[in-house]
Structure formats: structure tokens, C-alpha cells
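There are 2 protein chains.
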Amino acid sequence: MRCACRQAARATSRLYVLRQPRAYCATQLSLATHVTTGVTCPAPRNLELEMGSLDGFIQRVRECNTGLEELPTLTPFLIDGKEVGKLKPRFVDQLRRFPKVFIVEGTPGLSGRVTLAPELDTCDKRSAKVADVLQVLRTEGFITGWRDELYPVVAAFDDLPLLLVERAAATHLGIKAYGVHINGFVRDPVTGALRLWVARRSLTKPNWPGKLDHIVAGGQPHGLSCRDNVLKECAEEAGIPRELAATARPVGAVSYLTIAANGYKPDVLFCYDLELPADFIPTPQDGEVSEFNLKPIEEVAEIVATSTEFKTNCCLVIVDFLIRHGYITPEQKGYLQLVAALRSGDCS
Amino acid sequence: MRCACRQAARATSRLYVLRQPRAYCATQLSLATHVTTGVTCPAPRNLELEMGSLDGFIQRVRECNTGLEELPTLTPFLIDGKEVGKLKPRFVDQLRRFPKVFIVEGTPGLSGRVTLAPELDTCDKRSAKVADVLQVLRTEGFITGWRDELYPVVAAFDDLPLLLVERAAATHLGIKAYGVHINGFVRDPVTGALRLWVARRSLTKPNWPGKLDHIVAGGQPHGLSCRDNVLKECAEEAGIPRELAATARPVGAVSYLTIAANGYKPDVLFCYDLELPADFIPTPQDGEVSEFNLKPIEEVAEIVATSTEFKTNCCLVIVDFLIRHGYITPEQKGYLQLVAALRSGDCS
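Chains as they are written, first to last, in the UniProt record's numbering: chain A, 1 to 348; chain B, 1 to 348.
These are computed hints drawn from the structure, not numbers from a lab.
Treat the hints loosely; a few may be bogus.
A pair holds if it fits inside one copy or across any two, identical chains being indistinguishable in the list.
Within a straight-line C-alpha distance of at most 30 Å, the following computed DSSO-like cross-link-like pairs (lysine-lysine) qualify [unchecked claim]:
#1 Lys-82 to Lys-129
#2 Lys-333 to Lys-232
#3 Lys-232 to Lys-211
#4 Lys-333 to Lys-125
#5 Lys-333 to Lys-82
#6 Lys-295 to Lys-232
#7 Lys-311 to Lys-211
My request is simple: use the sequences and hints to build the entire structure.
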């Protein structure tokens, strides 16, 4: 018996079309699903995007890893002997004004270092004194985009925090920042084709206004597990009910390293896949998203490969999704380069 | 309506049991499947393996990346100015005996180098002359396990081969070797639980006799695409029909770097997921496998974490599978370390 899916597999995008199926089903329905419909049609194949090269994806990954030529000018920031950040020269100059909290040793640059006053020997003490400094810098307009959200300062994700700082200061201090990004997708029950929910960021957002984004993504604050953060962000950003959000599945992580205008960003994003029912419609809850659109995965791939419409770091997570779901294959030149580049930063 | 799957979710292994579901389905059935059965039960969650730590998995990854303290004793092997391998001192000594083919320059070690005679200026010429040398070393018993299978010698996977060599010489020459590993799994149509087909290697295999292995795995020879190699190996090793094998989905790659007794191994494995029908039974075809067993994924995880029963590099691919399918989560200490370690070698 031929699977009915076969007829439905067809091109859905100008640039990136599904390769023609041969004698088997080219859709993405699982075997189990096919069995329940009374046919034995194998799982998906030939999902490979038809594109000249993977260069567009590789370019997006590069855009997440920029400014590294500035690295020698940055000064390591250490707590308890562990490097937890890197500081731009002008931020070091600011911190020199607060010698009871921040101690600048040696020449600014990789051979110098910034530490905290030794009497600040607990996380609580450090956090209180550093917060005072950051508030001054905020008042003076040096630190913008204040969030009232605390980030833990760690040498690696599993460590206990050595210090808690306001999120808006994270890049200035060059600390490791973590986030959760959720690929919210819908699987067509007939064709198995995947569509991805894409958010448009509000024009009033301080960062990346108007850019495309994941249905849900957020920084990983102090005191929440990734799982609980996923639940919280799903509710806040897209009105996804808790029981549905709880079905999000962790699928790995990507990392990148950028030296931006305001500092050093060694970021790690935990990636999640969340399969959503076809009749679920996300709704903007907190003013951060102006609209949600459900786009065929081939169209999403085309946007990522050919434009900078997406917030840059979302591109890494989407490329990871395309790789894990078989849309990018070893037959495409640059496959391994792309796979490896998804964890260009310090993934720890 | 409550999903019938819920009752079926239960512990399947002593050490690694599924966490208790709360108010939703803890199985792995896709939304689409649930919809077809008339219930709206979300996709899987709480798949996290209950284990004290990820240390067992991290240990398996370490076992794929050993002997690196010997690195300074290895001599780079260059063709056309590109480094394509690294050689142990005793192999350099062997190659010195063939000065019309191999040229040893400088002191053996990282500052020295081995090249080919300049008149060998095409892949064909190099391959013919090097084959003569390797045949001598085979006859003398220096190279064992001859396969009559050619591996391309490249600086990176997408490059045109600079030389073709017998597979048995790959580790001696320290060239990049590539392979395909297939996670052949069955999804229970009622509970959604995953089981993985596990092969037992024949006791007569020269390498890793008697060890557990993937249902299908093979080296990537010259002249075959990964996709075609998957089809070929599926037929040869497990009797998987071509149309079923063609549903294998590429899902990424892992890499590792080992300095073994016989040489340098910078390997990259292309990973595939192949969902198999519950009634499909693989059959040993070529004498390389003594038996196949279908094991609950939690049991496979337990074997990997607590023993060296599996051929070492299979462990990387299985851990990658567990991460991609949500069995290992960011809540488990060592998650990022494990994710990053899966590509410890040069993934190019």
C-alpha cells in the first residue's frame, strides 16, 4: 500500500525545495503515525534542502563570532582565583574609580587582571558591593537597559555562583551568559512537513528591535533551572500553557563568542524542541513580541541563509535544528565545518 | 481526556528509570500520533535518566580521547603543503627505508616532517607508489588487518583526495578517518518508549571482538557518499532493505582523537537515526556480527555509563542520541561538559 503522504510532499519554497521522493515517503511522519493510519511507510528521507552551498548558514555563524581581533586588549576578571570574565579597557577605567571593590593589577590587557577586594569573601558580600558600583554606573548612563534580573557569575555552568550581578552588566563584565531557545514547531498530520513558529520582536525592544526570533527565548537567570525557565518564558512570552510547555525537550547546546561594542559575550544557548498542536496559537503576553507567524521550515531556512532578518544568535539554534532533523546533510559541502562551528565558543 | 500512554510509562531498568510523569504524558509519542488516537496528549517530557551523575558517560568520552601525552613525539605528514596525518616514531623509521617515496625532514617530532617525493604530483601517482610501500610493510607483518578498501587522504572532509591508501594503513599514517554510525531504534506504538538495536561483534573480528556495537556502522571509503555508504552497510551488516535504509536521517557528527598503539586516530563519525518498524528483525549477513538484540534505551544508557561493553566510539554516538532525544538534560551536572566533549577531535 502506498502512503498517502507521498502525494502531498512537494516544494514549499522557491529556493529550498524538498527533493523528490522516490519509491518511499518523503515526509516526516514517524513510523508509529503511519502505522496508526494503516500503512507501513518508512520515516522521512530526502529532506535535504536544495541549495547551492551552506555558505549562507556559515556566514550567520560567523556573525555570532566577531570582534575577536580585540581579544588582546581585554583584561581578565577573576574571583577566587578563577577567571569569570573579560573587560574592555574603558570598563576597566570605570572600575578603577571604585578601589574598595575592584582592584586593577598590572597593565590592562591579557597580562593584567581585575579582582575583587579580598574582604569580599562570600557571594553575598560581593554581590552587595558590586551592585552599589553598578548602580552608580547606571545612574551615570554608562550601563543601559537595566533589567532588575540577576545573573550568576561562574567559571562554568554547574559551579555555585561566585557573585550575582544585574543582567545589564553581564556583557560589560564579560561573564558567561546562558540562555534557553525553544524551537516551537508544528508537524503537519498528513504530510509530516514541519513549520516553525517565528516571533517578530517588538520595535520598542532595546536590543534587536523588529528582528525575527524564536517563539520563546530567554536569558538564564539566577535561581531557576533551565526547565523552570522554559516554563516561565513560555508563559510570559507566548502564552504557552504550563502543561504544553513542559513537553519541551532539551536537545543540546550551541555556543559562540563575540566581542561587541559594550563588551565580551561568551554565550551558551540551551536548545529545546517543542512540538505544538496545529491548533495552538501563541499570543504575545508581555509586549516583547509584535507578532507570531508559522512558517514552513524551508522558508525559515531560506531567511536564515539569505538575510540577517533573524536575531543573530537564533540562527545558530535554527541551523542546529536543521542538522538534527536531517535538512542539512553530509552530502552538502561545508557540513562538518557548520556542525563544528555551532559550538565555537566556550561550551562550559 | 487522559492519554492511555500514561499508564504504560514505567521503569524499564534498575538504575535508570523514567521519572514519574505528572499530569501529562511521559512517553515519546509525537503529538501527531496522539491526535490520531483521539486524545490531545503532549509530546514527551521527564525522560531524564535518573542517575547520580553523568560521570560514566564522561568517562566513556575520555576513553575515546587518550594517549595525547604522546603528541610531541609524532611527526606531521604533509602532502602538497597540507598536513594530512601524524606518524609515530617507529613508523617514520619504517618509511625512511623508502626514500624514493617518503622524504623524512628534520628531527622526528612535531618540528620535523614527512612528505612525498615531489615527482609524485598527482593523486594517482602518489597512490600507486605508496601502495607499493604499504604492501612491503604488510608482507613483513608491520601492517595487519588488510581490508582491500581505499581511504581518501584529505586535510578536510570536503577536499579532493590527495592520496588513496589501504584502510589498514590509516592509523599508521595518522590520517583523518570518517565513518557512519546508525542508531537503529524502534518506537513502541503504544507507550512511545524507545528501544535501540544493539549488535554483538563477532569473536573473529580483528578489532573489538565480542564488543557491543551499533546495528550498522562502517568506515567511509573512497568513492561513496555517506548516504550511499549507509545503504551499502545497512544491506551488508544487517540485511536492512534499501528502501528502509534510505529512511535513515543524518543528525550530526561526533569527533575524537586518540593516539593508539599503532598510530594517530583523528576520527569523525557521521551520526544517523533510523526508525525501524517493530516487526523488522536485522539479520547478520557478513559474519561480522554474532547477534542483534533490541534493548530499552534506558538499558543501553546503563551499559554505556557503567561498563566498557560497547566498542568505545559507539558510546559517543549513543550519548549524542541520548542528548538529542532529551534523555540527558541541562539539570544534570556535567551536561555542557558532555555536550562539548562529543566533538573533542578535529571535526573537519
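Structure-based check of each hint:
1. Lys-82 to Lys-129: within (19 Å within a copy, 54 Å between copies)
2. Lys-333 to Lys-232: between (40 Å within a copy, 22 Å between copies)
3. Lys-232 to Lys-211: This pair counts as within: shortest intra-copy Cα distance 22 Å, inter-copy 45 Å.
4. Lys-333 to Lys-125: between (53 Å within a copy, 26 Å between copies)
5. Lys-333 to Lys-82: between (40 Å within a copy, 19 Å between copies)
6. Lys-295 to Lys-232: Within. Shortest intra-copy distance 24 Å satisfies the 30 Å Cα cut-off; inter-copy 36 Å does not.
7. Lys-311 to Lys-211: within (6 Å within a copy, 46 Å between copies)
Going down the numbered hints, you'll see the structure goes against none, and every one checks out.
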